[in-house]
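**Q** Based on the hints, put chain B in the right spot on chain A.
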Amino acid sequence: MAAIEILGLSKTYMIGFWRKRPKCALHPLQLTVEEGEIFGFLGPNGAGKTTTLKLLMGLVSPSAGSARILGHDWLDPEIKAQIGFLPEQPYFYDHLTAHELLEYYGQLSGVPAKNRKRRVEEVLHQVGLRDIRGVQLRKFSKGMLQRIGIAQAILHDPRLVFFDEPMSGLDPMGRREVRDLMEQLKAAGKTVFFSTHILSDAEALCDRVAIIHRGELRGVGAVAELTSGVQGKVEVIWQGTQIPASLKALGADCYVTGDTVRAVFLENQQDAAIDALRRERLRLIAVTPVRTSLEDYFVEKLRRAETTAGRTA
Amino acid sequence: MRSRIVHIASNTFREAVRDRVLYNLIGFALLLSGAAVLVGQISIDIEKLVVINLGLTAVSLFGVVIAIFIGIGLVSKEIEKRTLYTVLSRPVRRWEFIVGKFFGLSGTLVVNTFFMAIGVFAALFYVSHKFVKADGLILVALYFIVLEFLIIVSLALLFSSFSSPLLSAVFAFSLFVIGSFAEDLRNFARMAHGISGWLATAAAYLVPNFSAFNVISSIAHEQPVAAQLVLQNTLYALFYAATALSGAVLIFQHRDLK
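Which chain is which? The protein sequence lines are A and B, in order. All residue numbers for the first sequence refer to numbering that gives the first Met the number 0, where the first residue is 0 and numbers rise by one. All residue numbers for the second sequence refer to numbering that gives the first Met the number 0, where the first residue is 0 and numbers rise by one.
Since the hints were derived computationally from the structure, they do not count as laboratory data. Treat the hints with caution; some may be incorrect.
To be verified - Cross-link-like lysine-lysine pairs, in silico, DSS-like; alpha carbons within 27 Å at most:
1) A:Lys116 x A:Lys141
2) B:Lys80 x A:Lys138
3) B:Lys76 x A:Lys19
4) B:Lys257 x A:Lys22
5) A:Lys22 x B:Lys76
6) A:Lys19 x B:Lys132
7) B:Lys132 x A:Lys141
8) B:Lys257 x A:Lys141
9) B:Lys80 x A:Lys22
All of these numbers come straight from a predicted model, not from anything done at the bench.
Okay, chain A solo, but in the shape it has when bound:
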């Protein structure tokens, strides 16, 4: 069963004070996330990631479309007992302590009273918050609040967790811990849907990703699948300090370090580059394929989208 099925959800806001005009935040979106996967929802700031999450949480109403979550209508309040949500830059009742806040959320999510205290301690431990008893949230740092946000999202042991920019405000150790936590959730059979603009996180964690830009879906698939379509590159290293004119003509960036030269060519220029080195009787040291990253794919997709938008305009 699919954990999330988004069936043409879209959102158009009316902006302006006197003369209202429509602004499309999300074009009709079709997306399916399978149960048990870590799914990355990628896009630059303002792409429509948070709008999509708010629509799925029922915090804003859609202009059109619908969705199904864990096989139920997405607006069914009871299904929310099986969902965890971390909003972007979360803010909590600052008059409460972490224990009080989680206790409150546990009550609202229907965590049985007899398990609640134990569960609160467990999740606080899981997100690395210790020795905070009696401290009101107003005294918490941004990173600590982010950890509380993650704790409240997993408190009721949901089957599906939505994280909006979960690494935001965290130091490198914190980011590593959150990555580990997501992997633990996956290992426990949970589905994780998270939005981010930090591509290395998505690349390291996700089974599949979707890329959204200006409210439109630009691509969906496994990271390896997506990056395979991108023109690859090769790194060529040879001995000497000489850069033959025929290699310069290929348009590669060349770097001289000591008595070696390093140059990066497109994959289809590899043979031409090696032939040129042979002709000049230069000693070839290495030819290494450069791995295409998700970032390359992402940048190419956005560039293409910008070009299309420019042509349309």
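**A** Positioned in the frame of chain A, the structure of chain B alone reads:
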């Protein structure tokens, strides 16, 4: 469902109780009750009258200020600070949130009124050195004050569900002032004719009739309150608060949380 409302209400209560503004206002109200003793001492033979009048007015006025001040932020502050996101992403219906908030703040005001009432009775005991049977009427006045608070909290919630805290405060306070003169407005409506008569009648019956809840002066003069008025005011307050609360739910139900 009921338990979720109770949890939201108790969190609202806890939030209000931990707000320093609340203590400042209660402090002021108690100070005013204390001042009533001083004013009473220089008012020969009418000390008790002054203490009851000033004391109950302080309870009412400061309660109204607390109801408006905290009430206007109940929804808008949660939207602004985005604390609502983590509440409404749980199995909580939007109406449960509004109703929970209403009971939470109403509960806070009942507890406040209880403590401020102790101040009034203490001041009364200080000037008259004893309690008489007629002093029990003060409880009726306090009950009416609490009913008044229910209406104000529901109105503050209604305004808070669609406008900014500042505008909500202006609307709620304006309605409180107009409602305190509702009887005069009704008299004016009876005398006016044509369109102005229609408009005045509509306004007179639309604004909450707070003047019907003000029995402080007659109680200070030890005049009894008719049981019919108690029933009438109870039903009126419950109906008015329920209507305003339904309006708040209807608006909030369709509101996008940006």
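**Q** Tell me if the straight-line CA distance from B:Lys80 to A:Lys22 falls inside 27 Å.
**A** With a Cα-Cα distance of about 24 Å, the restraint between B:Lys80 and A:Lys22 holds, given a limit of 27 Å.
**Q** Run the distance test for B:Lys76 versus A:Lys19: straight-line Cα separation, threshold 27 Å.
**A** 26 Å, holds
**Q** Next pair to validate is B:Lys80 with A:Lys138; report whether the Cα-Cα distance is within 27 Å.
**A** 16 Å, holds
**Q** For the pair supplied as a hint, A:Lys19 and B:Lys132, is the alpha-carbon distance within the 27 Å limit?
**A** 65 Å, violated
**Q** For B:Lys257 and A:Lys141, compute the direct alpha-carbon distance and say whether it is at most 27 Å.
**A** Distance ~21 Å between B:Lys257 and A:Lys141 Cα, so the pair holds.
**Q** Given the proposed pairing of A:Lys22 with B:Lys76, does the C-alpha separation stay at or below 27 Å?
**A** 26 Å, holds
**Q** Are A:Lys116 and A:Lys141 close enough, with their CA atoms no more than 27 Å apart?
**A** Judged against 27 Å, a Cα distance of about 25 Å means the pair holds.
**Q** Take a quick look at whether B:Lys132 and A:Lys141 sit within 27 Å of each other, Cα to Cα.
**A** 59 Å, violated
**Q** Would the pair B:Lys257 and A:Lys22 pass a check requiring their Cα atoms to be no farther apart than 27 Å?
**A** 14 Å, holds
The structure is inconsistent with the numbered hints 6 and 7, although it conforms to all the rest.
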